[in-house]
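J.: Since the structure of chain A is already known, use the hints to place chain B on it.
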Amino acid sequence: MGFISGSASFVRFSVEGELPENIWDFIAERVAAFSFQDIDDTYDEFSIGWVSVINMFDSDFEYASYANGDYVTLTLRMDERKVSPAIIKKFCAKEEERLKKERQLPKIGKAMKMEIKERVQTELMRKAVPVPAVYDLCWNLAESTVLFFSTNKKAQAQLEDFFKETFGLLLMQQIPYLTAEHLLDEEENEQLPRIGPNIFV
Amino acid sequence: MDLVDLIDEKRFLGQEFLTWLWWKSEERGGSILLPERGDITVIFEKHMLLEYGEGDTSEKLVCSGLQSELQEARTGLQVGKKLEQARIQIVHAEQEYNFTLAAALMEFRSVKLPKTAGTEGGISNDPEETEGMILERIFLFEELIRFVNELFRLFLKIRVAEQWAEELEKIRSWVNSSVRSG
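Taken in order, these protein sequences are the chains called A and B. Position one of the first sequence corresponds to residue 1 (the numbering used here), numbered consecutively onward. Position one of the second sequence corresponds to residue 1001 (the numbering used here), numbered consecutively onward.
Bound conformation, chain A alone (with noise of 0.2 Å):
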């Protein structure tokens, strides 16, 4: 939601760094490295890839769909299995129970309660159901800008180590004063770091 309709929530990227000549060759190949890779029928606990933005389902890109004429549009998807600690816990108290009966035993050791704990967090680990997340971009080839339509901190933070990792390049969060950076001429850009806040009263 949000790109591609409804209302949205979106901040600004720079590009860094240059993309081959063959700019659309370059972006087919490692898009389809990066594509999503479904982890519902299996025991993995985390995903993260490219999908298209009109379908979360589909990491193929049948037609090169991410290409919209000079934009890159891309949806970026995270699936994860989580569990509460306070089903951890329940289930660990469980099992602690059962296993004193069981042997008999008084008191459960230091050593024995971390191997349940981690015995009771990979089973509940593999029912858990992959929880996804997905947020949608924007790039703008021709002046080497992202749109990406989230407000999260942590998402954000995902997104430009994913997008390093697949086009080698940096995203650098358009922040006021690189805006202006880019808004002003030479001789005002000296002036700019000169500038201290003032009070408005």
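Incorrect hints may appear among the rest.
[Stated by the list, open to error] From the derived model, a few chain A residues whose C-beta atoms are all more than 10 Å from chain B:
id : residue
1  : 19
2  : 35
3  : 46
4  : 94
5  : 103
6  : 104
7  : 131
8  : 133
9  : 138
10 : 162
11 : 164
12 : 195
[Said to hold, decoys possible] Only pairs whose alpha carbons sit at most 20 Å apart, straight line, appear in this in silico DMTMM-like list of lysine to aspartate or glutamate:
id : chain 1 : residue 1 : chain 2 : residue 2
13 : B       : 1157      : A       : 188
14 : B       : 1157      : B       : 1169
15 : A       : 153       : B       : 1008
16 : B       : 1046      : B       : 1026
17 : A       : 127       : A       : 115
18 : A       : 127       : A       : 95
19 : A       : 113       : A       : 96
20 : A       : 154       : B       : 1002
21 : B       : 1112      : A       : 136
22 : A       : 153       : B       : 1009
23 : A       : 154       : B       : 1107
24 : A       : 153       : B       : 1002
25 : A       : 94        : A       : 58
26 : A       : 154       : B       : 1008
27 : B       : 1157      : A       : 190
28 : B       : 1157      : B       : 1131
29 : A       : 154       : B       : 1005
Hints in this document: simulated from the structure, not taken from any laboratory. For every residue, glycine included, the Cβ atom is placed at its ideal position computed from N, Cα and C.
T.: Showing chain B alone in chain A's frame:
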């Protein structure tokens, strides 16, 4: 300077821009002249967030109401709070953009684009139609950014020049007069 320090140290720039924009929009009853576009309408409405101080000691003040009821926000300015978020409407050539600008990081939130035939149809089964819809939405998002950047440039050119002292006096008297009249 790395980005974290830059965000911290230059936080004021976006907030001063937003405060200046509020004053500028009221100076000529909602009209602002952009050098290459002519007049655009900029209206501050409904919702504002002001802050004072930084980090753990910062105070926040949320004001909501109709345009005429933003007196509390002006009072906030008078005690030295800075405008951090505002709900803004920009109108140009009968196209209306509504968005919340978060000033320190320049985040665009809850952006509502103008309604156009191309973007109202939703996702189509025809890939060409879908591409057309996506391109139209991209154009509108970028058009909004261009408006905000042109307004920001208008502010910056004065902010780094000697003219700023005069502009600051005008803003100060606007802040003070609105409090007196309230």
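J.: Would you mind marking each hint as holding or not holding in the structure?
T.: Checked hints:
Residue-level check passed: residue 19 of chain A sits 19 Å from the nearest beta carbon of chain B, beyond 10 Å. Every CB of chain B lies more than 10 Å from the CB of residue 35 of chain A, the least distance being 19 Å, so the non-interface label holds. With a least beta-carbon separation of about 26 Å from chain B, residue 46 of chain A lies farther than 10 Å from that chain, consistent with its non-interface assignment. Remark: the non-interface label on residue 94 of chain A is consistent with the geometry, its nearest Cβ contact in chain B lying 41 Å away (cut-off 10 Å).
The claim that residue 103 of chain A lies off the interface holds: its Cβ sits roughly 51 Å from the closest Cβ of chain B, which is beyond the 10 Å cut-off. Separation of residue 104 of chain A from chain B is adequate, the least Cβ-Cβ distance of about 53 Å exceeding the 10 Å criterion. Distance check for residue 131 of chain A against chain B: the nearest CB is about 24 Å away, which clears 10 Å, and the non-interface claim stands. Separation of residue 133 of chain A from chain B is adequate, the least Cβ-Cβ distance of about 18 Å exceeding the 10 Å criterion.
Look at residue 138 of chain A: its CB is around 6 Å from the nearest CB on chain B, not clear of 10 Å, so calling it non-interface is violated. At roughly 18 Å, the least C-beta separation between residue 162 of chain A and chain B is larger than 10 Å, which holds for a residue marked as non-interface. Once the 10 Å rule is applied to beta carbons, residue 164 of chain A is consistent with being away from chain B; the minimum gap is 14 Å. Residue placement check: residue 195 of chain A does not keep its beta carbon more than 10 Å from all beta carbons of chain B (closest about 6 Å).
The hinted pair formed by residue 1157 of chain B and residue 188 of chain A meets the criterion: a straight-line CA distance of about 7 Å does not exceed 20 Å. The straight-line distance between the Cα atoms of residue 1157 of chain B and residue 1169 of chain B is roughly 17 Å, inside the 20 Å bound, and the hint therefore holds. Straight-line distance between C-alpha atoms of residue 153 of chain A and residue 1008 of chain B comes to about 15 Å, which keeps the hinted pair within the 20 Å bound. Taking the CA atoms of residue 1046 of chain B and residue 1026 of chain B, the gap is near 15 Å; set against the 20 Å cutoff, the hint holds.
The suggested pairing of residue 127 of chain A with residue 115 of chain A holds, with an alpha-carbon distance near 19 Å, which does not exceed 20 Å. Distance hint between residue 127 of chain A and residue 95 of chain A is fulfilled; the C-alpha atoms sit about 17 Å from each other, no more than 20 Å. This hinted pair checks out: residue 113 of chain A and residue 96 of chain A have alpha carbons roughly 8 Å apart, not beyond 20 Å. Taking the CA atoms of residue 154 of chain A and residue 1002 of chain B, the gap is about 19 Å. The hint holds against a cut of 20 Å.
Using a Cα cut-off of 20 Å, the hinted pair residue 1112 of chain B and residue 136 of chain A holds, with the two alpha carbons roughly 16 Å apart. Taken as a hint, the residue 153 of chain A and residue 1009 of chain B pair is honoured in the structure, with Cα atoms around 19 Å apart against an allowance of 20 Å. Taking the CA atoms of residue 154 of chain A and residue 1107 of chain B, the gap is about 15 Å. The hint holds against a cut of 20 Å. Pair hint residue 153 of chain A plus residue 1002 of chain B holds up; C-alpha atoms about 17 Å apart against a cutoff of 20 Å.
In summary, the hint linking residue 94 of chain A to residue 58 of chain A is not supported, as the alpha carbons are separated by about 41 Å, beyond the 20 Å threshold. A threshold of 20 Å between alpha carbons decides the hint, and for residue 154 of chain A with residue 1008 of chain B the separation of about 18 Å falls inside it, so the pair holds. For the hint pairing residue 1157 of chain B with residue 190 of chain A, the CA-to-CA distance comes to about 12 Å; that is within 20 Å, so the pair holds. About 38 Å separates the Cα atoms of residue 1157 of chain B and residue 1131 of chain B, which puts this hinted pair outside 20 Å; it is violated.
Straight-line distance between C-alpha atoms of residue 154 of chain A and residue 1005 of chain B comes to about 18 Å, which keeps the hinted pair within the 20 Å bound.
Hints 9, 12, 25, 28 from the list above are not met by this structure, while the remaining hints are.
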